[in-house]
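2 protein chains.
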Amino acid sequence: MGSNVSITTTEGGVTAPQGFRSSALHAGIKTKTGALDLAIIAADGPASAAALFTTNLAQAAPVLTSREHLERSGGIARAIVVNSGCANACTGDQGMADAAQMAAEVGSALGCRPEHVLVASTGVIGVNLKMGALVPGIRQAAQSLARGRGGDAARAIMTTDPFPKECAVTVRTPAGWFIVGGIAKGSGMIEPMMATMLGFLTTDAAVPPDLLAVALREAAADTFNAITVDGECSTNDSLFALASGASGVAIDGESYSALLQGLLAVSRELALAIVRGGEGATKLIAVNVHDARTREEARQVARTIANSPLVKTAVHGADPNWGRIVAAAGRSGINFDLRKATVHVGGVLLFEHGLPHDDAAPQAAEHLKGSEVSIDVRLGTGGGQAATIWTCDLTAEYIRINGEYRT
Amino acid sequence: MGSNVSITTTEGGVTAPQGFRSSALHAGIKTKTGALDLAIIAADGPASAAALFTTNLAQAAPVLTSREHLERSGGIARAIVVNSGCANACTGDQGMADAAQMAAEVGSALGCRPEHVLVASTGVIGVNLKMGALVPGIRQAAQSLARGRGGDAARAIMTTDPFPKECAVTVRTPAGWFIVGGIAKGSGMIEPMMATMLGFLTTDAAVPPDLLAVALREAAADTFNAITVDGECSTNDSLFALASGASGVAIDGESYSALLQGLLAVSRELALAIVRGGEGATKLIAVNVHDARTREEARQVARTIANSPLVKTAVHGADPNWGRIVAAAGRSGINFDLRKATVHVGGVLLFEHGLPHDDAAPQAAEHLKGSEVSIDVRLGTGGGQAATIWTCDLTAEYIRINGEYRT
Chain U
1 MGSNVSITTT EGGVTAPQGF RSSALHAGIK TKTGALDLAI IAADGPASAA ALFTTNLAQA
61 APVLTSREHL ERSGGIARAI VVNSGCANAC TGDQGMADAA QMAAEVGSAL GCRPEHVLVA
121 STGVIGVNLK MGALVPGIRQ AAQSLARGRG GDAARAIMTT DPFPKECAVT VRTPAGWFIV
181 GGIAKGSGMI EPMMATMLGF LTTDAAVPPD LLAVALREAA ADTFNAITVD GECSTNDSLF
241 ALASGASGVA IDGESYSALL QGLLAVSREL ALAIVRGGEG ATKLIAVNVH DARTREEARQ
301 VARTIANSPL VKTAVHGADP NWGRIVAAAG RSGINFDLRK ATVHVGGVLL FEHGLPHDDA
361 APQAAEHLKG SEVSIDVRLG TGGGQAATIW TCDLTAEYIR INGEYRT
Chain F
1 MGSNVSITTT EGGVTAPQGF RSSALHAGIK TKTGALDLAI IAADGPASAA ALFTTNLAQA
61 APVLTSREHL ERSGGIARAI VVNSGCANAC TGDQGMADAA QMAAEVGSAL GCRPEHVLVA
121 STGVIGVNLK MGALVPGIRQ AAQSLARGRG GDAARAIMTT DPFPKECAVT VRTPAGWFIV
181 GGIAKGSGMI EPMMATMLGF LTTDAAVPPD LLAVALREAA ADTFNAITVD GECSTNDSLF
241 ALASGASGVA IDGESYSALL QGLLAVSREL ALAIVRGGEG ATKLIAVNVH DARTREEARQ
301 VARTIANSPL VKTAVHGADP NWGRIVAAAG RSGINFDLRK ATVHVGGVLL FEHGLPHDDA
361 APQAAEHLKG SEVSIDVRLG TGGGQAATIW TCDLTAEYIR INGEYRT
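Chains as they are written, first to last, in my numbering: chain U, 1 to 407; chain F, 1 to 407.
Don't read these hints as lab results, they were simulated from the structure. Mixed in with the good hints there might be a few duds.
Each pair of labels, with its calculated beta carbon distance range [as the list claims (entries may be wrong)]: (1) 104(U) x 217(F): 55 to 61 angstroms; (2) 359(U) x 7(F): 52 to 58 angstroms; (3) 355(F) x 132(U): 33 to 39 angstroms; (4) 55(U) x 45(F): 53 to 59 angstroms; (5) 383(U) x 217(F): 32 to 38 angstroms; (6) 92(F) x 32(U): 56 to 62 angstroms; (7) 97(U) x 7(F): 54 to 60 angstroms; (8) 383(U) x 71(F): 26 to 32 angstroms.
Here a beta-carbon is modelled for each residue, glycine too, at the ideal position from N, C-alpha and C.
Looking at chain U on its own, in the form it has when it is part of the complex:
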């Protein structure tokens, strides 16, 4: 079926698929006047819903609430409500009550059960939501849902991300076409105590909840779960998917790959935008590991290289420092024979048979001066498995952003 599917970029984001409306406004959580800090993404009727949440033990109230709502609803949701400016994390019982009230207010306005509303928050940790401002905001936002306003939602979920992130694709299949859209915010922890990756995907394909959950997990593995800015994982990280069915194209086992391709295309673009907008980042780095025994081993080697501060600073300095790449791979915990491994930077061979090719260093240094960098490590195990992790360079700006005193 794969060859009969075509994917093309289309206008918009989370409301590009049929059957979705959104609204965004300034409720007053952010102190800056007029700054959008509240968004609702609503389906016209009950939609299939799936989500992935942070694996951190410290899970924010909205994460716990959304997880519980998805369990109780059996994977059906009508809307997602999200605020920025306050993460509602480490806020105890009051935080749980506030997250529940956010869902209840949306349910009341849209005429659906509270457990059909999912909740997300991003912003400062350890501070309670200003419910006196948020509740009137939610009521007003629920009255002004519209199509074509996904861009405002993309802005309303930003904390200190340098730019909004939205995209959509049209997926054409023999059985008809459907759209996948999405918005995301990155780990722009520019204000200390802020931290969160949030992603919201929508599609007008008709997908049973179980299949949507499988597709979301598979798409995230090579996109949202294949990026790293600093190896940190927040209390609020969440990725949601809603499927309205409004296109009339039904997804089953046979057409599953078309849905997956659509989710992958949108997720990949949003995930790479998060890395490009990483704190202090000036370069997008693709770390590709080839010829591992398993994909998981390839991922672990790639992740160790991608999180190595020595590799990230070397890339920042346009230094083709293969020694740091070899040393990071060597401490990844994955077994391989260094004498069979090779390292390329920008396609230039720098290390082979256990020995450097330092004559090629100037050519690799030229590649590193660009804004998109590739590092390729071939482990030579004969297993043939590969994986990619995307990251950014580590700069003095990252230190400045994260080292300033909070109060």
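Go by the hints and put chain F onto chain U.
Here is chain F on its own, set in the frame of chain U:
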């Protein structure tokens, strides 16, 4: 026995124990005229020997050579030869031949078998040793071994460490007294492609090789293996111990703890000096994790916090950012109940019952302005196990040091 043992600091370093001599000179590996780059530490006769080496898959030729010599000799050594300025790592068959020749030259000069000589190197990776300069240097150094010159050896193993590291202690036991001394160099990877932690411990206690190996491993677990500057692990990391027996104090099962206390005292001081001299470091941070189920779990939580760039930048900025500490503990992979956990910074309670104590933040911020910082996380598992990891803050200077182009 512990209560009958007293430990007092004494003068000197690696030649403070009886039965050891050292020499150091400029052989010509470092380009700077007169910079010490070669040292020999020699016992007056066959000594018990033990060592710990990097767990990195990419192991330098001197590591492979020393490991093999220790196996062949059954834990007996007469001398250690070490050069700085060139790591002899990723140097293939030529590198192995060069390391073997270093040992052979010392053996020839001292009249012992080559496998009774251990080898260490630190400096640039991927470059062959200048044997034309090193071999005459080794011959000359072997002729000028003396007591009381351990300070020169401490300087000769530096690459771009900000200061030399040596210390010694006298251990008094009911059966007599002995001395433990040592020198070390840190992970001052100030010149790109440089990387290595090296430690050399000596004692004049009489210790069988097997017991020395056990004591070295146990002492390192809470000292050299409990520090981290940036989570990187090099190709050359090595820690050696030699025991001459010249004090006449024999170590057996009963007096083992006296030896361990001596090794711990010296190892701890050297290890903390490495962190203080970490790249760009301005603060020494002790991350103490309490009440874990096992020591290994306590270590894993402490290590995750100690390697968190967000925690390290917050400490640099004197920001008592308990949220980053909680988030790092939460993603460590160790299971615990956040509501039973507490976080103290400088002894000030900042997080308890899942909620912040932000009123105490200014007091904690004052503590963070000092040069020695403590972070205490109590997991509340009821297991009662604890561990400490030492690290340093992450500064813009680290980025500058590691981000400059190598050529």
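Okay, the hints, checked on the actual structure:
Judged by the Cβ atoms, the range 55 to 61 angstroms given for residue 104(U) and residue 217(F) holds: they are separated by roughly 58 angstroms. Between residue 359(U) and residue 7(F), the C-beta spacing of about 54 angstroms keeps the proposed range 52 to 58 angstroms intact. For residue 355(F) and residue 132(U), the Cβ-Cβ distance of about 21 angstroms falls outside the hinted range of 33 to 39 angstroms, so the restraint is violated. At roughly 57 angstroms, the beta carbons of residue 55(U) and residue 45(F) sit within the given window of 53 to 59 angstroms.
Restraint check, residue 383(U) to residue 217(F): a C-beta distance of roughly 34 angstroms satisfies the suggested window 32 to 38 angstroms. Remark: the range hint 56 to 62 angstroms for residue 92(F) to residue 32(U) is upheld by a beta-carbon distance near 59 angstroms. Take residue 97(U) and residue 7(F): their Cβ atoms lie about 56 angstroms apart, and the range 54 to 60 angstroms holds. Separated by about 31 angstroms at the C-beta atoms, residue 383(U) and residue 71(F) satisfy the suggested range of 26 to 32 angstroms.
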